[in-house]
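Novice: Take the sequences, apply the hints, and build the full model.
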Amino acid sequence: MTAKYAYYPGCSLHSTGSEYDISFRAVCEKLGMDIQEIEGWICCGTSPAHSSSRLLSLALPFENLCQAEKMGFKDIIAPCAACFARLRTAMYEANEDAEIASQISEALEKPLPKSMNVLSPIEIFCNREGLAEAVTKQLPELKVVCYYGCLLTRPSKVMQFDECEYPMAMDNLLRSLGIETLDWSYKTECCGGALAMTRTDVVLKLTHDILEEAKAVGANAIAVGCPLCHVNLDTRQTEVEQEYGVQYGLPVFYFTQLMGLAMGLAGDKLGLQKHFVSTDGLLSGV
Amino acid sequence: MMETNLKVMSQSQLAKAVLNESGQNVNLCYQCRKCAAGCPISYAMDYKPAQIIHAIRLGLDDLVYKSKTMWLCASCETCTTRCPQEVDIAKVMDAVKITAVKQGIKPTIPQVASFYRAALSNIKMFGRMYEMGMIVGLKMRTFELFKDVGLGMKLFTKGKLKVIPSFTGALRTWKIFNRVKSIENRESKI
Ligand code: SF4
Ligand code: SF4
Numbered sequence: 001m002t003a004k005y006a007y008y009p010g011c012s013l014h015s016t017g018s019e020y021d022i023s024f025r026a027v028c029e030k031l032g033m034d035i036q037e038i039e040g041w042i043c044c045g046t047s048p049a050h051s052s053s054r055l056l057s058l059a060l061p062f063e064n065l066c067q068a069e070k071m072g073f074k075d076i077i078a079p080c081a082a083c084f085a086r087l088r089t090a091m092y093e094a095n096e097d098a099e100i101a102s103q104i105s106e107a108l109e110k111p112l113p114k115s116m117n118v119l120s121p122i123e124i125f126c127n128r129e130g131l132a133e134a135v136t137k138q139l140p141e142l143k144v145v146c147y148y149g150c151l152l153t154r155p156s157k158v159m160q161f162d163e164c165e166y167p168m169a170m171d172n173l174l175r176s177l178g179i180e181t182l183d184w185s186y187k188t189e190c191c192g193g194a195l196a197m198t199r200t201d202v203v204l205k206l207t208h209d210i211l212e213e214a215k216a217v218g219a220n221a222i223a224v225g226c227p228l229c230h231v232n233l234d235t236r237q238t239e240v241e242q243e244y245g246v247q248y249g250l251p252v253f254y255f256t257q258l259m260g261l262a263m264g265l266a267g268d269k270l271g272l273q274k275h276f277v278s279t280d281g282l283l284s285g286v
Numbered sequence: 001m002m003e004t005n006l007k008v009m010s011q012s013q014l015a016k017a018v019l020n021e022s023g024q025n026v027n028l029c030y031q032c033r034k035c036a037a038g039c040p041i042s043y044a045m046d047y048k049p050a051q052i053i054h055a056i057r058l059g060l061d062d063l064v065y066k067s068k069t070m071w072l073c074a075s076c077e078t079c080t081t082r083c084p085q086e087v088d089i090a091k092v093m094d095a096v097k098i099t100a101v102k103q104g105i106k107p108t109i110p111q112v113a114s115f116y117r118a119a120l121s122n123i124k125m126f127g128r129m130y131e132m133g134m135i136v137g138l139k140m141r142t143f144e145l146f147k148d149v150g151l152g153m154k155l156f157t158k159g160k161l162k163v164i165p166s167f168t169g170a171l172r173t174w175k176i177f178n179r180v181k182s183i184e185n186r187e188s189k190i
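Residue numbers (our numbering), protein chains in the order written: chain A, 1 to 286; chain B, 1 to 190.
The following label-pair restraints were derived from C-beta to C-beta distances:
| # | chain 1 | residue 1 | chain 2 | residue 2 | range |
| --- | --- | --- | --- | --- | --- |
| 1 | B | 20 | A | 201 | 30 to 36 angstroms |
| 2 | A | 238 | B | 20 | 43 to 49 angstroms |
| 3 | B | 30 | A | 269 | 51 to 57 angstroms |
| 4 | A | 183 | B | 159 | 32 to 38 angstroms |
| 5 | A | 183 | B | 121 | 40 to 46 angstroms |
| 6 | B | 174 | A | 71 | 21 to 27 angstroms |
| 7 | A | 70 | B | 178 | 18 to 24 angstroms |
| 8 | B | 37 | A | 70 | 42 to 48 angstroms |
| 9 | A | 247 | B | 33 | 36 to 42 angstroms |
| 10 | B | 174 | A | 268 | 35 to 41 angstroms |
| 11 | A | 3 | B | 33 | 47 to 53 angstroms |
| 12 | B | 16 | A | 180 | 49 to 55 angstroms |
In silico DSS-like links for lysine-lysine, alpha-carbon gap of 27 angstroms or less:
| # | chain 1 | residue 1 | chain 2 | residue 2 |
| --- | --- | --- | --- | --- |
| 13 | A | 110 | B | 181 |
| 14 | A | 114 | B | 181 |
| 15 | A | 4 | A | 114 |
I should point out that these hints are in silico values taken from the structure, not numbers from a laboratory.
Positions of the beta carbon are idealized from the N, C-alpha and C atoms, including for glycine.
Specialist: See below:
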């Protein structure tokens with residue numbers, strides 16, 4: 001094992017959020033940060049699991065922690081906010097409740113790893129030395145609002161991630177790369193992610209509120225760290241525009257894509273061509 | 001909202017089931033309604049989260065089961081984060097859904113329940129979420145065959161949907177699902 005961090009991509013980063021995977025890997029490489037994908041990782045179960053069985057919703061994430069431990073890792077990076085939340089929740093609940101911990105272990109037919117650290121890339125990059133030196137490109141045209149969504153910070157006692165109502169970690173990270181981020185009140189509002197497949201009407205309303213607020217404070221781009229948020233804000237943006245008779249054209253970036261741009265990486269190396277809302281207009285002005 | 005012919009339980013069965021399922025004690029609630037105020041979906045709910053908690057306390061189990069609230073909950077955890085009494089309302093929502101399904105009560109928003117089932121059987125089979133298969137499975141269950149077809153096509157052309165599923169870890173996952181089921185069956189008999 002040479003890498004320091006085990007990487008848990010989760011299902012979204014292999015499909016609808018593939019540009020998050022591409023740009024995350026590109027930024028790690030640029031910063032000389034070694035990561036290694038967990039062998040044989042499985043789905044964390046996400047909301048269908050915790051809405052149907054508590055034990056299942058904890059056993060699935062733990063299987064991945066066990067796999068990482070088997071590979072000799074203690075630190076696991078989970079870029080997808082939803083996976084990150086499920087992994088941290090599993091650790092938290094097993095710690096609090098010995099009975100459930102023994103059931104999880106029984107379901108997996110192995111002992112549970114005790115001291116694993118589940119990390120978000122935001123936390124790691126924030127504390128990474130040499131970040132400012134890696135910047136080779138100024139992006140003065142960008143006025144970004146950071147959208148953290150629900151899962152990164154809540155509930156605070158489980159997630160232990162930044163300030164739960166008004167986090168600053170992503171803002172500080174982007175600012176340290178010379179990118180302007182704006183204050184706004186929708187940082188941790190919900191986009192309705194879990195209802196995307198079933199109650200599109202609710203998702204369109206919540207997404208509309210978020211896009212409206214971003215526009216209102218003068219943003220020309222949104223930064224996210226969650227593939228579910230990205231699908232709603234980017235992929236469904238045209239639908240929102242049609243439904244509400246508005247025009248946004250607001251590009252939605254993964255924060256890793258913005259990091260990559262500031263480090264001089266080309267757009268196609270960061271998966272920008274996969275976005276539904278084109279980033280070309282905004283970036284050609286840069 | 002008026003409901004008639006509600007069965008009122010003398011001691012709330014549902015409150016007990018919720019406690020068992022999630023460890024959450026709804027009797028801690030003092031009805032400050034912070035959970036309802038912050039809930040992004042409450043505008044679409046028939047009963048607000050604070051009302052559901054109260055109804056569980058009062059033993060209005062029928063009213064709760066007939067409500068759409070828990071099936072609309074997006075698990076955003078705003079309520080849980082803000083409750084001054086540390087009631088984990090999002091967990092209560094999960095516990096109510098799980099209890100309802102166990103008791104064979106028909107979900108008030110069947111599409112959501114179908115989505116959970118489609119997603120879980122997909123994960124159980126492949127070990128990872130195979131979106132394409134999940135979407136097709138869901139459409140067959142809900143008969144909403146043409147909803148989101150355009151969106152699916154666009155995702156596909158952007159290379160964001162896989163045609164061929166991965167089977168990595170599929171067998172391990174299938175075993176976990178089965179062992180979870182048997183542990184749960186054993187526990188429910190105790
Ligand atoms: S926030 Fe907590 S105490 Fe207040 S009404 Fe909701 S459940 Fe009750
Ligand atoms: S977790 Fe559910 S009930 Fe609680 S605020 Fe979010 S959507 Fe509302």
